[in-house]
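Using the sequences provided together with the hints, build the complete structure.
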Amino acid sequence: MSETTIEIQDLNLTRKDFVPGNEVRWCPGCGDYSILANMQKTLPVMGVKKENYAFISGIGCSSRFPYYMDTYGFHSIHGRAPAIASGVKLANPELTVWVITGDGDGFSIGGNHMIHALRRNIDMNIMLFNNRIYGLTKGQYSPTSLLGAKTKSSPFGSIDRPFNPSAVALGSNATFIARALDVDAKGLQESIKRAQGHKGASFIEVYQNCIIFNDGEFEAVENKATRPDNALFVVHGEPMIFGEENDKGIIMKDNHPKVVHLGQEWSEKDLLVHDETNQIITNLLLEMTFDPTNPTPFGVLRAVDAPSYDEMMIDQIEQVTKVKGEGTLEQLFYGGDVWEVK
Amino acid sequence: MSETTIEIQDLNLTRKDFVPGNEVRWCPGCGDYSILANMQKTLPVMGVKKENYAFISGIGCSSRFPYYMDTYGFHSIHGRAPAIASGVKLANPELTVWVITGDGDGFSIGGNHMIHALRRNIDMNIMLFNNRIYGLTKGQYSPTSLLGAKTKSSPFGSIDRPFNPSAVALGSNATFIARALDVDAKGLQESIKRAQGHKGASFIEVYQNCIIFNDGEFEAVENKATRPDNALFVVHGEPMIFGEENDKGIIMKDNHPKVVHLGQEWSEKDLLVHDETNQIITNLLLEMTFDPTNPTPFGVLRAVDAPSYDEMMIDQIEQVTKVKGEGTLEQLFYGGDVWEVK
Amino acid sequence: MAKKVIRINEATIRFAGDSGDGMQLTGTRFTEATAIVGNDLKTIPNYPSEIRAPLGTLAGVSAFQLMFGSQRVFTPGDLPDTLVAMNPAALKVHLKDLKKGGNILANANAFTDKNLKMAGWEANPLTDGSLDGYIVFSMEMSKLVGKALENSDLTSKGIERTKNMFALGVLFWMYNRPVEPTEAWLRKKFAKNPSIAEANITAMKTGYNYGQTTEIFTTSYSVEKADLPKGKYRNITGNVAVAYGLVSAAKQAGKELFLGSYPITPASEILHTLSGLRNYGVKTFQAEDEIAGISSAIGAAYAGDLAVTTTSGPGMALKTEAIGLAIITELPLVIVNVQRGGPSTGMPTKMEQSDLLQAVLGRNSDARIPVIAAQDPADCFDCAFEAARIAMKYMTPVILLSDGYLGQGSGPWKIPDPKTLPEIVVHHPDVSTRGEAGFMPYTRDENEARPWALPGTAGLEHRIGGLEKENITGMVSQDPENHQVMTDIRARKVENIKKDIPPSVVHGDAKGKVLVIGWGSTHGAIHVAVDRARAKGQSVSQLHLRWVSPFPSDLKAVCDNFDEILIPEVNSGQLALLLKAELLRPIHQLNKVRGEPFRASEIEDKVNEILG
Amino acid sequence: MAKKVIRINEATIRFAGDSGDGMQLTGTRFTEATAIVGNDLKTIPNYPSEIRAPLGTLAGVSAFQLMFGSQRVFTPGDLPDTLVAMNPAALKVHLKDLKKGGNILANANAFTDKNLKMAGWEANPLTDGSLDGYIVFSMEMSKLVGKALENSDLTSKGIERTKNMFALGVLFWMYNRPVEPTEAWLRKKFAKNPSIAEANITAMKTGYNYGQTTEIFTTSYSVEKADLPKGKYRNITGNVAVAYGLVSAAKQAGKELFLGSYPITPASEILHTLSGLRNYGVKTFQAEDEIAGISSAIGAAYAGDLAVTTTSGPGMALKTEAIGLAIITELPLVIVNVQRGGPSTGMPTKMEQSDLLQAVLGRNSDARIPVIAAQDPADCFDCAFEAARIAMKYMTPVILLSDGYLGQGSGPWKIPDPKTLPEIVVHHPDVSTRGEAGFMPYTRDENEARPWALPGTAGLEHRIGGLEKENITGMVSQDPENHQVMTDIRARKVENIKKDIPPSVVHGDAKGKVLVIGWGSTHGAIHVAVDRARAKGQSVSQLHLRWVSPFPSDLKAVCDNFDEILIPEVNSGQLALLLKAELLRPIHQLNKVRGEPFRASEIEDKVNEILG
Ligand SMILES: Cc1ncc(C[n+]2csc(CCOP(=O)(O)OP(=O)(O)O)c2C)c(N)n1
Ligand SMILES: Cc1ncc(C[n+]2csc(CCOP(=O)(O)OP(=O)(O)O)c2C)c(N)n1
Ligand code: SF4
Ligand code: SF4
Ligand SMILES: [Mg+2]
Ligand SMILES: [Mg+2]
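Residue numbers (numbering that gives the first Met the number 0), protein chains in the order written: chain A, 0 to 341; chain S, 0 to 341; chain L, 0 to 611; chain V, 0 to 611.
Calculated directly from the structure, the hints in this document are not laboratory data. Model, not experiment: these values are computed from the prediction. Among the clues, some could well be false.
Cβ-Cβ distance ranges computed for the label pairs, FRET-style [as the list claims (entries may be wrong)]:
hint, chain 1, residue 1, chain 2, residue 2, range
1, A, Gly156, S, Leu146, 56 to 64 Å
2, A, Asp214, L, Ser194, 17 to 25 Å
3, A, Asp214, L, Lys188, 16 to 24 Å
4, A, Leu146, L, Thr218, 39 to 47 Å
5, S, Gln318, V, Gly437, 20 to 28 Å
Just a sample of chain L residues kept apart from chain A, beta carbon distances all over 10 Å, derived [as the list claims (entries may be wrong)]:
hint, residue
6, Leu54
7, Ala58
8, Lys91
9, Val178
10, Lys188
11, Gln251
One side only, chain A facing chain S, incomplete, derived with CB under 10 Å [stated by the list, open to error]:
hint, residue
12, Gly138
13, Pro142
14, Gly156
15, Val167
16, Leu283
17, Gly326
We put the CB at the ideal spot given by N, CA and C, even for glycine.
Right, here's the structure in full:
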């Protein structure tokens with residue numbers, strides 16, 4: 000776990016500093032509103048100057064996000080936000096760069112840039128709004144839609160097996176992976192803070208309800224009544240407990256996760272303890288995602304330290320400059336065999 | 000494990016049937032030669048008619064492969080082979096489709112098509128020639144090149160953290176993952192057979208030596224002398240044993256793989272048993288890849304059953320046709336509100 | 000009181016309301032009823048933004064326009080005669096387009112202070128006199144349906160939602176259309192929920208009766224049947240027509256249809272339509288992006304399907320590299336671009352015909368491709384069919400250009416008799432074509448097409464790809480001479496298609512002062528403008544180009560008969576550039592890049608200007 | 000015996016051998032020595048294939064050609080005077096190009112039966128008389144270096160490898176070039192392995208002495224210093240020159256240089272060169288593909304770097320969509336396309352200038368962009384600098400067209416004095432530009448450029464993107480009027496650049512019969528052809544276009560002074576199409592799509608044909 004205690008300077012910012020004048024244009028009831036509100040609430044306390052934020056997005060309902068943040072913003076083209084953000088960060092490493100994307104933008108057309116950004120570990124925070132549908136184009140299935148989903152482009156049910164985005168992130172060697180829920184303010188804010196504090200690429204998957212084209216997709220965990228029994232909120236170093244009564248937990252059995260009931264046979268100390276730095280643990284949590292016999296895990300699923308690309312770039316420039324001296328045009332031009340015509 | 004016993008019909012094919020007239024144009028000593036030879040040796044015994052093979056590739060040294068197979072072949076454009084192959088298979092499900100790609104072709108520019116093809120589980124066999132370099136364009140680092148690699152485009156050492164291609168495949172929900180070594184004929188042939196026998200998308204990562212631009216990258220496992228101590232060949236249901244003297248094995252300790260020496264403290268029955276169907280086991284093997292304290296795993300790392308996209312497509316067409324009847328143009332044209340002008 | 004019925008030749012109606020008010024549906028129902036009456040018509044929807052904007056805002060207004068008439072109708076009309084405004088925002092946005100003296104039908108209940116403010120009205124225009132000069136029918140639609148449905152099971156919200164049916168009913172009365180088709184349609188649509196069906200029917204009839212009985216309406220209009228060619232008709236949007244054209248071509252060629260596509264406005268409906276046709280053997284593959292869309296289609300073409308990819312501008316841009324592959328491998332492929340406003344994401348829901356140069360010239364290297372453009376929604380069927388036929392005949396990718404105006408707009412389609420559709424003869428070689436030296440995948444037939452040899456055919460194993468290939472043998476070749484030969488063949492293949500283009504038809508006299516040349520969806524506006532000009536005695540004719548690459552062989556001869564050429568385009572002059580290079584003569588341009596189609600009057604004005 | 004020294008004005012030499020024979024290195028060393036002597040020169044390498052083909056095959060032949068002279072040299076020469084053939088395959092491939100009566104220097108030891116057969120010779124051409132008409136110097140190079148180095152530590156394979164240095168030594172003697180620079184270079188290159196250095200030096204000197212002493216050579220040639228402008232020179236390839244031009248522009252603008260790129264032949268050397276310049280603050284980002292390459296550059300431009308992306312045709316195709324984004328966001332960006340043969344993968348190592356229309360017109364929507372094209376390797380420096388300057392001055396992406404012939408070819412570069420390079424003034428607004436209503440990111444300066452406000456600047460927070468924006472305010476706007484305004488501004492920005500284009504310079508008389516117009520790398524061949532024609536008294540002049548979009552404002556006036564226009568292009572007539580549309584007059588075309596540059600003689604012939 001990246002145990003970096005982040006020194007936070009109070010800049011006297013408030014939520015209002017991040018709210019621009021223009022109207023928000025999502026459908027009434029869309030899960031995006033809550034995500035936006037929590038972002039606007041969290042940034043003021045992060046100790047980063049407002050002008051040092053850059054929000055980069057692709058295309059989709061979710062990707063309109065930058066228009067609703069009174070920071071620097073770039074609503075770019077479909078799927079390319081992580082690549083654009085890479086250039087932004089390398090050009091100005093002082094900036095705190097956020098990438099806002101959707102399951103179509105980030106995992107359909109933009110899948111390649113996504114996995115490469117995570118692999119390279121460029122310092123940016125990628126937030127995926129996963130509503131398992133293409134919202135903006137009015138309701139086709141996405142690469143995270145479940146098998147059988149009936150949508151505009153799959154009237155007889157989708158035959159496309161879905162990605163588990165956080166698993167793709169893990170496979171791509173990502174150093175930070177969290178999962179949050181649009182309606183869970185606490186979880187969202189915690190993820191935002193931890194992600195921004197993490198050096199390197201951070202990935203947050205947010206389950207987001209699209210009330211128009213895919214309403215109720217995450218009902219089991221969105222609904223306050225059923226959430227405790229269907230969601231597992233993991234905390235580094237703590238046993239995996241969940242349930243309305245905190246009466247259930249996760250063990251590893253035959254190299255698979257398994258739900259047990261605490262009480263007679265099982266007690267807390269038998270349970271798996273979450274370890275953000277352990278790949279096997281993260282993998283086990285990810286395996287639970289689509290498994291109806293297990294709860295859906297939320298929280299910081301993985302956080303490991305690794306040098307970030309931007310940092311290594313700066314280092315390399317420094318190192319080479321130390322050895323060779325700062326380059327001048329004279330040196331450059333006269334680097335080859337030179338002759339003179341008199 | 001897909002325990003499908005494949006019924007193999009003898010078609011009286013020989014290696015020669017798969018060797019076309021034209022000259023092979025890889026550099027002398029390139030690892031590609033061995034891979035080609037083993038493909039040509041294996042296909043005749045697979046019970047598939049020669050004309051039913053289609054080899055689809057992108058661009059790269061490796062992607063020249065189709066020119067050297069006397070089957071149907073398509074040397075397409077950089078990175079797009081899995082997408083082209085998807086269309087080929089859906090248009091004609093009778094074909095046995097192979098995709099031949101390189102670490103640049105398949106995991107740099109083509110990364111997105113790769114992960115989507117694996118996710119969808121379209122029945123095709125993808126073979127990645129991983130030489131950790133761009134061969135054809137004369138030696139730039141690739142997304143699998145190790146940190147620090149000095150290449151034409153990274154004269155001061157690469158600062159790009161690499162992918163572990165098989166891990167990306169796992170993260171993409173792939174149903175079959177194998178790893179083989181260019182110089183290991185037995186392992187290669189076994190992987191080819193198993194992959195082709197697998198229903199759905201199969202992924203084979205082949206470590207391949209590029210003698211010109213990245214010679215010796217896999218020395219530890221390529222060299223017959225050092226291989227036994229550096230490579231772990233896994234077999235489903237068997238304990239993970241390796242070493243010149245078969246004296247070492249793998250256990251899981253604190254949710255990490257660990258090498259132990261057999262003899263006093265540890266015996267064979269303490270060792271992890273390979274299970275192709277278990278995600279945690281596959282993940283643990285993948286974790287060993289870049290870890291110098293562990294051997295590099297080879298063999299079939301994962302194989303699980305899942306319906307293939309092409310199969311589901313055929314099913315859906317059948318189902319819908321059963322319910323609605325085979326569509327005619329009359330029905331189509333007269334589907335809306337029709338009026339007549341007399 | 001007996002009400003007046005005035006017979007008119009044509010009318011243009013616009014329905015406007017909040018995105019939630021169901022204006023598209025209302026418009027479509029009116030269209031259907033109008034079609035059944037036998038009028039000719041064209042329609043066009045107009046959504047301002049891709050996301051639902053907050054209720055009652057200007058950004059949230061959604062509109063639908065149709066023009067219908069007793070004569071041929073070529074456009075959805077310029078300025079409406081009648082505007083239905085379901086709220087103040089709708090009135091605000093659309094009032095400026097209404098014809099002077101036109102009708103306004105408004106839902107007075109929606110003109111609340113809050114709504115008025117949101118729409119930027121200082122006072123209520125229905126009452127403060129600002130609509131003087133128009134004929135205003137201010138109706139308490141919400142209240143009236145509330146009354147009519149007070150005994151229904153619907154919630155009050157549900158009842159409120161039927162107000163669009165009230166408005167529709169009024170219009171049915173006003174333009175003398177039958178309510179029965181909509182009644183039947185509602186019963187079918189809400190079969191599982193009869194109380195909703197009945198409520199809507201009641202609301203509609205209430206509206207109809209309101210028109211008939213209340214005194215605020217004194218006049219209704221009748222529009223006689225149009226003199227359309229005999230036959231069966233249905234209303235069709237361009238996107239659905241493209242889908243049907245492709246399915247038909249596949250059937251006629253004995254092929255399965257494969258679509259590799261990625262959703263994008265305004266092309267998605269082609270994907271939606273085809274994905275519903277599994278029982279026609281249609282395989283739709285929703286790819287991860289546009290590149291995979293076309294790549295999968297190239298793979299399917301290679302393996303023997305009639306392969307298609309559909310998209311709009313930005314997606315077309317992404318396909319550029321793969322189009323080059325289809326060209327060099329000489330595989331049949333139909334590429335549909337339903338154009339929209341740009342550059343970049345631009346104006347995604349607005350129309351523009353600005354991808355012409357991209358289609359004709361926008362690739363690396365000398366990489367020509369045939370390009371066909373549809374002129375109206377029904378023509379999308381014919382063009383799609385023709386594109387597929389040419390692709391398979393000449394073994395070449397073909398681009399079909401449509402646009403948002405055609406794709407989402409609709410018009411009556413004279414349903415062809417499937418039995419009279421042209422057959423498409425496709426030949427796949429078998430081992431008998433294999434010579435001594437093996438199979439030759441780049442031999443040429445009389446059209447210079449190469450054989451379409453399918454994987455799975457014993458004895459024809461061969462390799463194709465993106466590297467230059469030797470003519471005849473298909474071996475990789477970097478030989479200079481061969482490259483020239485192949486470059487020339489590829490160019491000639493496109494030229495050859497001229498043989499399939501019928502002689503040009505000039506609308507109007509074949510000789511005269513001004514020839515107005517157009518392509519794509521400007522057809523209707525130009526047609527109307529030319530007819531009006533000719534009616535005034537001006538010497539003006541129209542030439543419409545269906546194929547924009549290659550041009551018809553008689554193009555120059557046709558143009559030589561006119562003193563002046565005018566090209567109106569919804570772009571900055573793209574066809575004009577191509578024709579200037581082709582004809583080497585000056586061309587008058589009329590360019591408009593506003594995300595809107597031309598009005599016939601704009602073209603008329605320009606013609607007047609040219610004629611001095 | 001005293002040998003003759005003949006003074007000649009120019010010579011063309013081609014080195015050809017197996018890929019493993021080190022022909023590129025040999026050619027480069029000869030070039031360096033020739034440059035130091037003070038001749039003007041141009042070079043061009045020629046690799047037949049991207050993969051090493053088997054030893055001794057025709058496919059494995061690698062060549063390098065240079066032309067040098069005592070006058071200005073504009074091309075690497077057409078047909079060589081002297082051919083070095085290290086094996087039978089090299090002779091087979093290149094003999095057809097050798098001038099009648101030219102010299103052949105062959106390594107007789109490589110003409111074994113096996114090698115002869117592999118190269119398709121029936122008998123040994125060195126001995127069977129088939130080279131009658133040429134001057135053949137058949138030397139046992141392998142044996143001679145073996146002898147000379149019998150006491151060295153090198154393996155026999157290592158010794159064999161020095162035979163190229165023997166050949167080089169012979170040529171040094173033959174053309175009177177100094178051996179010392181190569182001696183010094185070898186010592187430096189093999190500093191860690193002196194025995195290799197010494198062996199190569201010995202081999203070279205053995206060759207030199209062989210020329211001087213043996214009787215088979217009777218004549219050597221001297222080529223006087225060229226009358227080049229005074230100054231310091233070095234030899235440079237176009238790709239390196241592009242890299243240097245960009246580094247220089249960044250320095251002059253006080254910017255860091257960011258390159259987002261994906262390797263591709265023949266553009267990769269720009270990436271390679273820049274990746275070695277970390278101590279110049281150059282950030283190279285090898286992206287996952289071309290789309291990420293340009294996207295990262297767009298991001299870097301937004302954040303304030305001088306941003307660049309480099310590629311070749313197929314990669315350019317992939318960047319199409321993102322170029323649209325750069326256009327609509329009005330960000331400065333340099334896009335370099337080192338063109339190669341197509342379509343598709345085509346002929347990756349061969350030259351072609353067929354991406355012109357793609358550069359100028361190949362995007363969805365009306366999306367114009369300035370396009371500059373380099374004329375020779377050294378000019379790549381100036382064009383790269385100019386492209387960067389214009390990009391930042393007008394806030395626009397700019398395309399720079401080079402090609403494989405320029406990128407990998409070389410010529411002397413007159414090294415500019417860094418102090419006299421133009422300064423590039425860049426202005427980034429700060430909070431003081433923020434008005435009452437907030438910051439306006441789409442206000443316009445006198446060039447209609449918008450302000451380059453950088454993230455990190457307090458008070459200027461704003462949003463940009465690919466949706467159409469309202470002029471001045473930069474708010475998302477789908478307003479028709481605004482879209483027209485913005486479309487026009489974007490077009491005008493490109494037109495405005497005409498102000499930066501100096502008046503056209505006609506080479507030859509300003510009035511006459513034929514004007515030969517060219518762009519890009521045809522410059523040299525046209526120049527030579529025009530000079531030769533003029534020497535014969537023909538009325539021919541040359542106009543070279545550096546900017547191909549926009550055209551210079553005096554273009555029409557210049558052309559009006561000539562009866563005929565001829566455009567030679569290594570494509571099927573792309574500039575010709577643009578100029579026909581621009582000038583509305585007939586144009587003679589000379590097109591060649593063979594993966595090879597023009598020979599001056601081909602242009603001369605065409606001029607003769609036109610002049611009758
Ligand atoms: C190149 C390109 N292709 C397609 C589109 C159309 N398009 C816009 S957004 C979108 C999908 C959005 O889905 P997602 O990212 O999940 O966002 P959501 O709307 O669900 O938040 C698509 C297909 C486009 N704008 N550009
Ligand atoms: C669109 C496009 N971009 C770039 C290239 C240049 N290119 C050809 S192959 C290649 C990389 C090949 O690497 P890999 O796939 O690892 O194959 P290898 O040669 O190592 O077998 C590149 C960058 C291309 N042909 N097309
Ligand atoms: S369509 Fe769905 S995701 Fe988009 S704004 Fe509406 S509710 Fe939200
Ligand atoms: S460059 Fe490397 S990968 Fe390519 S053929 Fe040569 S050895 Fe093989
Ligand atoms: Mg979504
Ligand atoms: Mg490789």
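Results of checking the hints against the structure:
For the hinted restraint 56 to 64 Å between A:Gly156 and S:Leu146, the CB-CB distance of approximately 44 Å leaves it violated. Between A:Asp214 and L:Ser194 the CB atoms are about 22 Å apart, so this pair conforms to the stated range of 17 to 25 Å. For A:Asp214 and L:Lys188, the hinted distance range of 16 to 24 Å is satisfied, since their beta carbons lie about 20 Å from each other. Between A:Leu146 and L:Thr218, the C-beta spacing of about 58 Å breaks the proposed range 39 to 47 Å.
A beta carbon spacing of about 58 Å between S:Gln318 and V:Gly437 contradicts the range 20 to 28 Å that was offered as a hint. A Cβ of chain A approaches the Cβ of L:Leu54 within 10 Å, the least distance being about 7 Å, so the stated non-interface status is violated. L:Ala58, annotated as away from the interface, has a beta carbon of chain A within 10 Å; the closest lies near 7 Å. Every CB of chain A lies more than 10 Å from the CB of L:Lys91, the least distance being 16 Å, so the non-interface label holds.
Its beta-carbon lying about 30 Å from the closest one in chain A, L:Val178 satisfies the requirement of being farther than 10 Å from that chain. For L:Lys188, the non-interface assignment is confirmed: its Cβ lies about 16 Å from the closest Cβ of chain A, beyond the 10 Å cut-off. Taking the minimum C-beta to C-beta distance to chain A, about 25 Å, the non-interface status of L:Gln251 holds against the 10 Å cut. The closest approach between the C-beta of A:Gly138 and any C-beta of chain S is roughly 19 Å, which is over the 10 Å cut-off, so the hint fails.
The beta carbon of A:Pro142 is positioned within 10 Å of a beta carbon in chain S (closest approach about 7 Å), and the interface hint is therefore held. Nearest Cβ of chain S to the Cβ of A:Gly156: about 7 Å, under the 10 Å cut. The hint holds. Checking A:Val167 against chain S by beta carbon gives a least distance of about 5 Å; that is within 10 Å, so the hint holds. For A:Leu283, the interface hint holds, the least distance from its beta-carbon to any beta-carbon of chain S being 6 Å, beneath 10 Å.
Because the beta carbon of A:Gly326 sits about 13 Å from the nearest beta carbon in chain S, more than 10 Å, this interface hint is broken.
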